[in-house]
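**Q** Those protein sequence lines, which keep their order, are chains A and B. First residue of the first sequence: 1, per my numbering; consecutive thereafter. First residue of the second sequence: 1, per my numbering; consecutive thereafter.
Bear in mind the hints are in silico, worked out from the structure with no lab data behind them. Mixed in with the good hints, there may be bad ones.
[To be verified] With the Cβ distance kept under 10 angstroms, some of the chain B side facing chain A (calculated, not the full set):
(1) Arg14
(2) His17
(3) Pro24
(4) Gln46
(5) Leu53
(6) Val70
(7) Phe71
(8) Ser77
(9) Gly81
(10) Ala224
(11) Leu249
(12) Lys349
(13) Gly353
Heads up, the beta-carbon is just placed ideally off N, CA and C, and yes, glycines get one too.
The primary structure of each chain is shown beneath.
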Amino acid sequence: MGLGSGASCAISLNTELTPEQQALYQDPDCIRDLLDQAKTIAIVGLSADRQKASYFVATYLKREGYRVIPVNPRGGKILGETVYPNLKSIPEKVDVVDVFRPADELPAIVDDAIAIGAKAVWMQLRIINFEAAEKARTAGLTVVMDKCIKMELGRFSGSLHWAGMNTEIISARVARR
Amino acid sequence: MSPDRNRKFGFETRMLHAGHIPDPHVGARAVPIYQTTSYVFQDAEQAAELFDLKLYGNIYTRISNPTTAVFEERLASLESGTGAVALASGMAAQFAVFMTLLEPGDEIVASAQLYGGTVTQLTHTLKKLSIGVHFVDPSDLKAWEAAITKKTRCLFGETIGNPGGAILDLEALASLANSRHIPLIVDNTFATPYLCRPIDWGATIITHSATKFLGGHGNSIGGAVVDSGEFNFARFPTIADPSPSYHGLRFFDTFGHYGFLMKLRTETLRDTGACISPMNAFLLIQGLETLSLRMERHVSNALGVAKFLAEHPKVAKVNYAGLPNSPFHALAQKYLPKGPGAVFSFDLKPVGGDAREAGRRFIESLKLFSHLANVGDARSLVIHPASTTHQQLSDEELAAGSVGPGLVRLSVGLETLEDLIWDLDQALAAL
Numbered sequence: 001m002g003l004g005s006g007a008s009c010a011i012s013l014n015t016e017l018t019p020e021q022q023a024l025y026q027d028p029d030c031i032r033d034l035l036d037q038a039k040t041i042a043i044v045g046l047s048a049d050r051q052k053a054s055y056f057v058a059t060y061l062k063r064e065g066y067r068v069i070p071v072n073p074r075g076g077k078i079l080g081e082t083v084y085p086n087l088k089s090i091p092e093k094v095d096v097v098d099v100f101r102p103a104d105e106l107p108a109i110v111d112d113a114i115a116i117g118a119k120a121v122w123m124q125l126r127i128i129n130f131e132a133a134e135k136a137r138t139a140g141l142t143v144v145m146d147k148c149i150k151m152e153l154g155r156f157s158g159s160l161h162w163a164g165m166n167t168e169i170i171s172a173r174v175a176r177r
Numbered sequence: 001m002s003p004d005r006n007r008k009f010g011f012e013t014r015m016l017h018a019g020h021i022p023d024p025h026v027g028a029r030a031v032p033i034y035q036t037t038s039y040v041f042q043d044a045e046q047a048a049e050l051f052d053l054k055l056y057g058n059i060y061t062r063i064s065n066p067t068t069a070v071f072e073e074r075l076a077s078l079e080s081g082t083g084a085v086a087l088a089s090g091m092a093a094q095f096a097v098f099m100t101l102l103e104p105g106d107e108i109v110a111s112a113q114l115y116g117g118t119v120t121q122l123t124h125t126l127k128k129l130s131i132g133v134h135f136v137d138p139s140d141l142k143a144w145e146a147a148i149t150k151k152t153r154c155l156f157g158e159t160i161g162n163p164g165g166a167i168l169d170l171e172a173l174a175s176l177a178n179s180r181h182i183p184l185i186v187d188n189t190f191a192t193p194y195l196c197r198p199i200d201w202g203a204t205i206i207t208h209s210a211t212k213f214l215g216g217h218g219n220s221i222g223g224a225v226v227d228s229g230e231f232n233f234a235r236f237p238t239i240a241d242p243s244p245s246y247h248g249l250r251f252f253d254t255f256g257h258y259g260f261l262m263k264l265r266t267e268t269l270r271d272t273g274a275c276i277s278p279m280n281a282f283l284l285i286q287g288l289e290t291l292s293l294r295m296e297r298h299v300s301n302a303l304g305v306a307k308f309l310a311e312h313p314k315v316a317k318v319n320y321a322g323l324p325n326s327p328f329h330a331l332a333q334k335y336l337p338k339g340p341g342a343v344f345s346f347d348l349k350p351v352g353g354d355a356r357e358a359g360r361r362f363i364e365s366l367k368l369f370s371h372l373a374n375v376g377d378a379r380s381l382v383i384h385p386a387s388t389t390h391q392q393l394s395d396e397e398l399a400a401g402s403v404g405p406g407l408v409r410l411s412v413g414l415e416t417l418e419d420l421i422w423d424l425d426q427a428l429a430a431l
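Isolated chain A, as found in the complex (with noise of 0.2 angstroms):
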């Protein structure tokens, strides 16, 4: 498999929101593109335990070739890389805000991704907030919802189908290498 120049479908995956809301939030041309494009993605709240499943998303993101700088107020160095207590103390540009906090705090997330410039806002499963969503999305950022960045990237890649999943990629063109 490899990230392939077929069509991708909308398939519901366990999500909580309305149709309308996955349109806003969840659409997978929009996604696809957004893991195209972005290089370096920063993790709120990735955890230095290596069974939470921000260690298994910051883990598979940085082998399939992703700049990964975690985010969290414990410090320290987590895959080896510098950990950064919030969004304005990182040096460098990033793409993207990966968040495994709580829904309470994406206000205050937003506005740091606002003011470092990201370019899109990624809530993990089940993390739900429509108000800071809006915002960032007002501000032109990219919001992602109640989904898993892994397990968007697997199915595209087409690397879930070595599980078994269903990629919904149909193609008849050789892959990418």
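Given chain A, work out where chain B should sit, using these hints.
**A** Just chain B now, with coordinates in the frame of chain A:
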């Protein structure tokens, strides 16, 4: 952004393309057979991440294989599922579902009209693991409801029951299961996703004996589990709680909509070893590629044969939901509008007061139907339970199991319909 990127491709297109993109190395158009046990790691770090489930990839063919993955994704796509896991057989598939979902003390409420091997698995093998089962009349919704206790963790039935042909009221059962926060598990072997997609009616988990119509040529044993991805397993301790066999990993929390299947693959399949061979997966893929064409012919031939038998003076009764006088005709019209499959039974009238002897002589006289214990072959098949699988039972015991002494089960194949009718007619004439 091109507007056709969100295209929803049709069933037949997905039969041929889902799950397989020509590889960038040789561009093989057919699905390659990866007949390998294991896969070389890129480096030590990648190996560790694969074993930790932090990366998706292949380690060992007992757990996953690139040829098998094509079969899995293709079937998941056809069943409207989020993913699938293929196993050694249909029996292995449903056992893996129960082993993944249930703990000692849990209970299953199941249709009483199930394949005999399934009944044995539920009543005897699962009993050894302290899992209880309550069988109910599949068409009695109140009986399903009454059988649910605090220990009930799932409902289980077959889209088209074997051998009586009862059609499951999928929408009503899905609604009942949903109201009790338990999954509805449906075996869709006899229908195949071409005739019915239980997930579209609210079912959570689908099991298959791919040996039957999916493979369709009677050459390979295989099974599969498909998950809708829609069920909230947060309340299910077996899927949601930290797993002691994966360093405390929480499968539902970590993998979300595919948490159940990841657990089934990386724990149950890993530990029970009931894996499918890549060669069998390849042969089953060949079956999937022509599924719609074969099922159309299977159901049109089945209806033709059922109509012929229903009018024959030596036949007492035909149990096919495609006939208007069947008690399941209305349910079949709703859930299986293209046709209620190609496996059904009929009762012969007694010859000289002996229906069992009538069945035996009928089978002996057939020239085109193959006498064997399978269904879903491209060829037409026949079995007479009272003289084979159920021969040790008395007429009274047969009646208790809804299997009359003159009951004959057919699996109608793809031959010329007139030839099938000719064969049945000459065998009936011999009685």
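**Q** The structure should be examined with respect to each hint, and the outcome stated for every one.
**A** Each hint, compared with the structure:
| no. | hint | result |
| --- | --- | --- |
| 1 | Arg14 | holds, 7 angstroms |
| 2 | His17 | holds, 5 angstroms |
| 3 | Pro24 | holds, 4 angstroms |
| 4 | Gln46 | holds, 7 angstroms |
| 5 | Leu53 | holds, 7 angstroms |
| 6 | Val70 | holds, 8 angstroms |
| 7 | Phe71 | holds, 9 angstroms |
| 8 | Ser77 | holds, 5 angstroms |
| 9 | Gly81 | holds, 6 angstroms |
| 10 | Ala224 | holds, 9 angstroms |
| 11 | Leu249 | holds, 5 angstroms |
| 12 | Lys349 | violated, 49 angstroms |
| 13 | Gly353 | violated, 55 angstroms |
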